[in-house]
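Peer 1: Each chain, written out:
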Amino acid sequence: MTRKRFVTLTLVPAIGLLATLALVSIAGAVWFAVMNRTLRSPDYDFVGAYNFLRLLRDRRFFNALEISAVWEAVTVIGTLALAVVLAVLIFETVKKPLTRNLICFAFLVPVLLPRVAAAFIWRFLYSPSLGVINYLCGLVGIGPVEFLADPSLALISVAVVDIWQWGLFFTVILLKLMETLPRDPIEAAMLDNARTWEIHAYVTLPMLKGPLISLALVKAVESLRSFDLIFVMTGGGPGTATETLDLYAYQMGINMGGRISYASAMSLLLLVVTTVAFTIIWKAGKKWAS
Amino acid sequence: MGKLISATLTRAVLALLIVLALGPILWTVLGAFKELRDIVTPVPKLVFTPTLDNFATILRNPTIRDGLLHSVIVVSAAVLIGAVLGIPAAHTLARHARKWGDDVQFFVLSLRFMPPVAIAIPFIVIYLDLGIYDTLFGLVLVYLIVTVSTVIWLAVPAFERVPRDIEEAAAMEGCGPAEIFWRFSLPVAAPSLFGALVFTFVLVWNELLLALTLAAQNATLPVVAASITSLGKEVPWGVINAATVLLVLPPLVFIGLLMGLLNTMVRSGPK
Amino acid sequence: MANITCTDIVKAYGAHPVIEGLQLDIPDHEFVVFLGPSGCGKSTMLRMIAGLEEVTGGRIAIGGTDVTDLPPGERGVAMVFQSYALYPHMSVRDNITFGLRRQGASRAEIEPRLTQVAELLGLEKFLDRRPRNLSGGQQQRVAMARAMIKTPQVFLFDEPLSNLDAKLREKLRTEIRKIHMQLKTTTIFVTHDQLEAMTIADRIVLMRDGKIEQMGSPDEIFERPASRFVADFIGTPAMNFVHAEIVAGDRLTAHGGGMTLHLSPQAFTTLKPGQRVELGLRPARMDLCEPGAENALSGKVVLVENMGAEGQVITEVAGQEISFVTQAFRSLSPGDSVCFAISPDHIHAFDPETGDSLRQE
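Protein chains in written order, with this note's numbering: chain A, 358 to 647; chain B, 1340 to 1610; chain C, 313 to 673.
In short, the hints are calculated from the structure, not lab data. Yeah, the Cβ is synthetic: ideal placement off N, Cα and C, and Gly gets one too. Please note: incorrect hints may appear among the correct ones.
Claimed, not checked - Simulated crosslink set (PhoX-like; lysine-lysine; CA at most 20 Å straight-line):
| no. | chain 1 | residue 1 | chain 2 | residue 2 |
| --- | --- | --- | --- | --- |
| 1 | A | 533 | A | 452 |
| 2 | A | 644 | B | 1438 |
| 3 | B | 1342 | A | 453 |
| 4 | A | 640 | A | 566 |
| 5 | A | 452 | B | 1342 |
| 6 | A | 640 | B | 1438 |
| 7 | A | 566 | A | 533 |
| 8 | A | 566 | A | 644 |
| 9 | C | 479 | C | 490 |
| 10 | B | 1438 | A | 361 |
| 11 | A | 453 | A | 533 |
Stated by the list, open to error - Short derived list, chain B residues pointing at chain A, Cβ under 7 Å:
| no. | residue |
| --- | --- |
| 12 | 1375 |
| 13 | 1383 |
| 14 | 1424 |
| 15 | 1450 |
| 16 | 1456 |
| 17 | 1458 |
| 18 | 1460 |
| 19 | 1517 |
| 20 | 1530 |
| 21 | 1561 |
| 22 | 1564 |
Claimed, not checked - One side only, chain B facing chain A, incomplete, derived with CB under 10 Å:
| no. | residue |
| --- | --- |
| 23 | 1419 |
| 24 | 1430 |
| 25 | 1484 |
| 26 | 1597 |
Given only the sequences and the hints, what does the whole structure look like? Please build it.
Peer 2: Next up, the structure:
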């Protein structure tokens, strides 16, 4: 078999399938976005930019946009901050490889949980009447706290679960990365009498700049897939306090009324914004990291 | 003395961290063996008479049993097809693609940027029109976007780590590109590839949104679990805990493998 | 076994040429070394002969057959890689016999040949091991066995010894040479180590910037370097260079850098008084002498480097550092005044502009 035939035979099926499915979903979204299709009836008409114009007057849409932005910021920053702090802490205090590995295993468990499972586990813990967290709060005289029913707390409470899953996972990655760093610059800094936190702030973490940027990007992409967690924990509530864009699109398009075209317009906007944003960030991050 | 105190303190902090990581899960496992009256107590109970009732309830429940079966079929089919299509493509991208290889890889990666809801909403209508709404086939098809792209994404670096010399040595002995792939690159990269497949498996096993939108009777386990809340009048916490344990078990089996994958990825330099 | 002919070879990556119009003829049975600094194109040349790189232009023939468009497996060549490139998922036995098994050779055919090469390379005990359980030297032997068992027309070695420590490198170098004397297979060996090249080659092809700088036996390259670059690249310690001018007189004499040196009139027939030259003085060709001897230079010892049997003495002669090698180095210490000389026959002269040798014979 010649090289050319091998290349064609291996690439065409996989890339062809991906391209077809991607094209179908994007073309479908564009098509339905300019129609007035609903799930109830199979008939539909062309309505032009009507759906998009309505979006601009939809308060709930802008609320979802805001919630999504806050969600992204809180989970990305929270995850990275937790990971950096814990990785440095473990790197400095745990020297035995066996203990380190045990901690790594424990920290890998949460991210492996299905989001649905994580959501149930924490709903159970957060429960005002029978949750462990409220019991502990009660011991110190607070409570009972309505973590998921209080609009000012709900988003943060769900974000904690996300950070619990991903922050611990990133801790393991960072710890492994720190172990692969060359010892020389760290030892040079020690000879210069640098304090432990100075070594990490000025030597190790800057050396990990590239991976940290990649991790931030991976988390940002992953945070967009928050649907599962929020859906099971709060369903977007109380009210619309935790309703992100994908949740709102789902509610509009499928759950309530099945206004497919309106939801399509929304998801199309979401698609364009994320694709453009991530393409720019990805390319810039690659340049910056190298 | 000060040293002793700080050593004890670090140990306490580390113990606390492990409790934070595993505690919630262990508490759920414990809850799965409790009767409802042991759960609904003002003071959390550590000592109780364990019961298997919750597991019996979910395993006797036909919806949950079907969900489990559907999950197994859909996930294994999607991962298998993803592997068959994605692994050879990844090898070609890693070895034979020079100029346009990066663009193809970027396209594959950009599929991971795609919000799932942007796939789900057009697909539900298309599936309804094609008559494959609420079928296992339809679920497998849409999951292929996830599996093929994830397999390619993770397998390209795995093939790049295969020393080029080995493939050239095989070429010197007269092997063509297909034979080099099958007899050399594949076995040498096998451990990393296995890790990539496991990761892909976990991704689709855990998926909720697409299954929730594109299936109703034929939904997967996460969908069924997500809907348990409304099984009875009271919130059946014991049953929910048992279902969670069932959902959590398969991914956790692979934790060791994932750790190995992580180690090789980190050592060969992150991308 | 076969001769190799490369005609007008051109290799370019995009618009950037690496090799331009290279001509090369390697006769049957010869052991040729491609030598040169990294990036000179020697490995690229080898890989093009192997078929692992496509040529941009020109033809390659092995044993009279044009192989330019043949895949590597059909050229009748075998290659040993710098990293050994053993198949990690196969035993040593399977590594060595893979090529033969692939061609469908029978067990009865393979076994005696396997025994033969394993014996030749001392691998009998390791046949059932995996490559990762072998030392670097053993892995290199397996790689050689894998190349040899196919009895190819040509052996190609791509810096095969550079991952080994110095002692093992020397040992395997001798072994490779012995095996070549026995099998007489045409061999091309790539290295950047001039000492390795000198000791192992029938002929050295010295390359620089994608061109052949000089081609010849190790003696020719050492004694008659075609350019200042070759003279500088070959030989340890490195050659001394002195800018000088030919002066009028009854003997051919150059004067410069506070030195007056007689040159061989038979070697340099075209030099004229007033011409500027760059003289090359090999440290190994100089030794201590009585003051007043022919071509005597006097200087002050700066440093003495002990190399065991002999020593390199670095001196300052009229403000320029000149080194020479002597066995009597132990009697010298920094600050001493010394006299040393070089025979006119061993002085090289190069054109200061082009770097070409001015030697005529």
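Peer 1: Are residue 1484/B and chain A close enough, Cβ to Cβ, to be under 10 Å, as the hint says?
Peer 2: holds, 5 Å
Peer 1: Would you mind confirming whether the straight-line C-alpha gap from residue 640/A to residue 566/A stays at or under 20 Å?
Peer 2: holds, 15 Å
Peer 1: Is residue 452/A close enough to residue 1342/B, meaning Cα to Cα at most 20 Å?
Peer 2: Holds: residue 452/A and residue 1342/B sit about 16 Å apart, inside 20 Å.
Peer 1: Between residue 566/A and residue 533/A, does the CA-CA distance stay at or below 20 Å?
Peer 2: Given that 20 Å is the threshold and the Cα spacing comes to 15 Å, the pair holds.
Peer 1: Holds or violated: is the Cβ of residue 1424/B closer than 7 Å to a Cβ in chain A?
Peer 2: holds, 4 Å
Peer 1: Tell me if the straight-line CA distance from residue 1342/B to residue 453/A falls inside 20 Å.
Peer 2: holds, 18 Å
Peer 1: With chain A as the partner, please determine if residue 1564/B meets the hint condition of a C-beta pair closer than 7 Å.
Peer 2: This interface hint holds because 5 Å falls under the 7 Å limit.
Peer 1: Does the alpha-carbon distance linking residue 533/A and residue 452/A stay inside the 20 Å limit?
Peer 2: Holds, because 13 Å separates the two Cα atoms, which is no more than 20 Å.
Peer 1: Does the nearest C-beta of chain A fall within a distance shorter than 10 Å of the C-beta of residue 1419/B?
Peer 2: Result: violated, 14 Å to nearest chain A Cβ.
Peer 1: Interface hint check: residue 1375/B, Cβ to nearest Cβ on chain A, cutoff 7 Å. Holds or violated?
Peer 2: Where the cut-off is 7 Å and the nearest Cβ of chain A is about 10 Å from residue 1375/B, the hint is violated.
Peer 1: So, as I understand it, the hint says residue 1450/B touches chain A; can you test that by seeing if any CB pair is closer than 7 Å?
Peer 2: With a closest approach of 6 Å, the residue 1450/B hint holds.
Peer 1: Please verify whether residue 644/A and residue 1438/B have alpha carbons no more than 20 Å apart.
Peer 2: holds, 18 Å
Checked against the numbered hints given earlier, the structure breaks hints 12, 20, 23 and satisfies all the rest.
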